[in-house]
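J.: The listed protein sequences derive, respectively, from chains A and B.
Sequential numbering from 0 applies to the first sequence in numbering that gives the first Met the number 0.
Sequential numbering from 0 applies to the second sequence in numbering that gives the first Met the number 0.
Possibly wrong hints are sitting among the right ones.
Below are the PhoX-like pairs computed for lysine-lysine, each with C-alpha atoms no more than 20 Å apart in a straight line [stated by the list, open to error]: (1) Lys56(A) to Lys128(A); (2) Lys25(A) to Lys63(A); (3) Lys74(A) to Lys56(A); (4) Lys74(A) to Lys74(B); (5) Lys148(A) to Lys47(A); (6) Lys63(A) to Lys74(A); (7) Lys52(A) to Lys113(A); (8) Lys173(A) to Lys74(B); (9) Lys128(A) to Lys111(A); (10) Lys43(B) to Lys156(A); (11) Lys47(A) to Lys105(A); (12) Lys32(B) to Lys97(B); (13) Lys54(A) to Lys111(A); (14) Lys81(B) to Lys156(A); (15) Lys32(B) to Lys148(A); (16) Lys53(B) to Lys81(B); (17) Lys173(A) to Lys117(A); (18) Lys74(A) to Lys97(B); (19) Lys32(B) to Lys111(A); (20) Lys156(A) to Lys54(A).
Some chain B residues judged to face chain A by a derived CB distance under 8 Å, without partners named [to be verified]: (21) Lys32; (22) Phe56; (23) Thr59; (24) Asn95.
Rather than coming from a laboratory, the hints here were simulated on the basis of the structure.
All values reported here derive from a predicted model rather than from experimental measurement.
For every residue, glycine included, the Cβ atom is placed at its ideal position computed from N, Cα and C.
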Amino acid sequence: MHLRPIATLAALLLLGAASSAQAADKPSDPQIAHIAYTAGVIDIDAAKQAIKKSKNKTVVAFAKDMLRDHEAVNKQALDLVKKLNVTPEDNATSQALTKAAADESKKLSGLKGKAFDKEYIANEVAYHKQVNGALETLLIPSASNAELKSLLETGLKIFQGHQQHAEHVAAEIK
Amino acid sequence: MRMWKPLFAAAVLTLLSGAGAAAAATIEITIDKMAFAPVEIDAKVGDTVRWINKDAFVHTATVTGAWEVMLPQNKSGSMVMKTSGSVEYYCRFHPNMKGRIRVSP
Numbered sequence: 000m001h002l003r004p005i006a007t008l009a010a011l012l013l014l015g016a017a018s019s020a021q022a023a024d025k026p027s028d029p030q031i032a033h034i035a036y037t038a039g040v041i042d043i044d045a046a047k048q049a050i051k052k053s054k055n056k057t058v059v060a061f062a063k064d065m066l067r068d069h070e071a072v073n074k075q076a077l078d079l080v081k082k083l084n085v086t087p088e089d090n091a092t093s094q095a096l097t098k099a100a101a102d103e104s105k106k107l108s109g110l111k112g113k114a115f116d117k118e119y120i121a122n123e124v125a126y127h128k129q130v131n132g133a134l135e136t137l138l139i140p141s142a143s144n145a146e147l148k149s150l151l152e153t154g155l156k157i158f159q160g161h162q163q164h165a166e167h168v169a170a171e172i173k
Numbered sequence: 000m001r002m003w004k005p006l007f008a009a010a011v012l013t014l015l016s017g018a019g020a021a022a023a024a025t026i027e028i029t030i031d032k033m034a035f036a037p038v039e040i041d042a043k044v045g046d047t048v049r050w051i052n053k054d055a056f057v058h059t060a061t062v063t064g065a066w067e068v069m070l071p072q073n074k075s076g077s078m079v080m081k082t083s084g085s086v087e088y089y090c091r092f093h094p095n096m097k098g099r100i101r102v103s104p
């Protein structure tokens, strides 16, 4: 249960450590765009898995909310990179996030019923918390384009909302 | 039949006089970038509160156990204030979005 958050955190710290060691190592806008988009895709995939597997109405409704919001954010992100003529650039953080997500998805596929619901929601709380931490301390401060920074700031508010929403659901399905 | 004309005249006069003291107002709240603005409003019983959602995300204005207005992206929704008092509402999808309405009699 704690494996995936730790792996994700490690991935984010990797970039964070690099950035604090040397200012020049902070992620570039194309890398930030890639990380933010990847983080969204991960949560969309997790939501699709939950919609398919869960029998709990509250959990399925939550997953549908995640799907809808993250698709909307990623659409805005794609529109923005197109407008700015930026090509998102793959990087170690995106890859580590994707790897951790694949591990979590595999773990979830082995669970069912209440065990699945609890793990999905617990991971949603942990995942949003970590992405929010990365947005606040690394991605937003590193973004140089004002529009990208603004979209990340809106994203942070949405994800903070998701974290609280997930915490409410976690309390409900206890 | 005889009642028609006076009634009509009264209706016209009411309209012309700005509907008098009982006129209900519509108070608008804008949602932009995950926030209600203004975050606090004052209203009177009978007033309509209208939320205009400028975000690309679905929001709600929800008072737990009382009422909820669903606010699809780039749409608006409204609610008539029926009871006096101060209520805190929030977005059920993003509980970090909060607002307050003070309704006076």
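J.: Does each hint hold? Answer for all of them.
T.: Checked hints:
The hinted pair formed by Lys56(A) and Lys128(A) fails the criterion: a straight-line CA distance of about 24 Å is larger than 20 Å. In summary, the hint linking Lys25(A) to Lys63(A) is not supported, as the alpha carbons are separated by about 34 Å, beyond the 20 Å threshold. For the proposed pair Lys74(A) and Lys56(A), the alpha carbon gap of about 27 Å is over 20 Å, so the pair is violated. Note on Lys74(A) and Lys74(B): the hinted pairing holds, with a Cα-Cα distance of about 19 Å set against a maximum of 20 Å.
Distance restraint check for Lys148(A) and Lys47(A): the Cα-Cα separation of roughly 28 Å exceeds the 20 Å cut-off, and the hinted pair is therefore not satisfied. A threshold of 20 Å between alpha carbons decides the hint, and for Lys63(A) with Lys74(A) the separation of about 16 Å falls inside it, so the pair holds. Of the pairs offered as hints, the one joining Lys52(A) and Lys113(A) holds, with about 11 Å between alpha carbons and a cut-off of 20 Å not exceeded. With a C-alpha separation of about 35 Å, the suggested pair Lys173(A) and Lys74(B) falls outside the 20 Å cut-off, and the hint is violated.
For the suggested pair Lys128(A) and Lys111(A), the alpha carbons sit about 24 Å apart, so the restraint of at most 20 Å is broken. Simply put, Lys43(B) and Lys156(A) have alpha-carbon atoms about 31 Å apart, too far for the 20 Å limit, and the pair is violated. Taken as a hint, the Lys47(A) and Lys105(A) pair is honoured in the structure, with Cα atoms around 14 Å apart against an allowance of 20 Å. Distance restraint check for Lys32(B) and Lys97(B): the Cα-Cα separation of roughly 13 Å lies within the 20 Å cut-off, and the hinted pair is therefore satisfied.
At most 20 Å may separate the alpha-carbon atoms for a hinted pair to count; Lys54(A) and Lys111(A) meet this at roughly 9 Å. With a C-alpha separation of about 31 Å, the suggested pairing of Lys81(B) with Lys156(A) is violated against the 20 Å cut-off. Distance check on the hinted pair: Lys32(B) and Lys148(A) sit about 13 Å apart at the alpha-carbon level, within 20 Å; holds. A hinted pair counts as satisfied when its Cα atoms are at most 20 Å apart, and Lys53(B) with Lys81(B) does not qualify at roughly 26 Å.
Simply put, Lys173(A) and Lys117(A) have alpha-carbon atoms about 8 Å apart, close enough for the 20 Å limit, and the pair holds. Distance restraint check for Lys74(A) and Lys97(B): the Cα-Cα separation of roughly 26 Å exceeds the 20 Å cut-off, and the hinted pair is therefore not satisfied. Taken as a hint, the Lys32(B) and Lys111(A) pair is broken in the structure, with Cα atoms around 37 Å apart against an allowance of 20 Å. Taken as a hint, the Lys156(A) and Lys54(A) pair is broken in the structure, with Cα atoms around 29 Å apart against an allowance of 20 Å.
Hint status for Lys32(B): holds, given a least beta-carbon distance of 5 Å to chain A, under 8 Å. Hint status for Phe56(B) relative to chain A: holds, with the closest Cβ pair at about 5 Å, below 8 Å. Checking Thr59(B) against chain A: minimum C-beta separation of about 10 Å lies over 8 Å; hint violated. Among the interface hints, the one on Asn95(B) holds; its C-beta lies about 5 Å from the nearest C-beta in chain A, closer than the 8 Å criterion.
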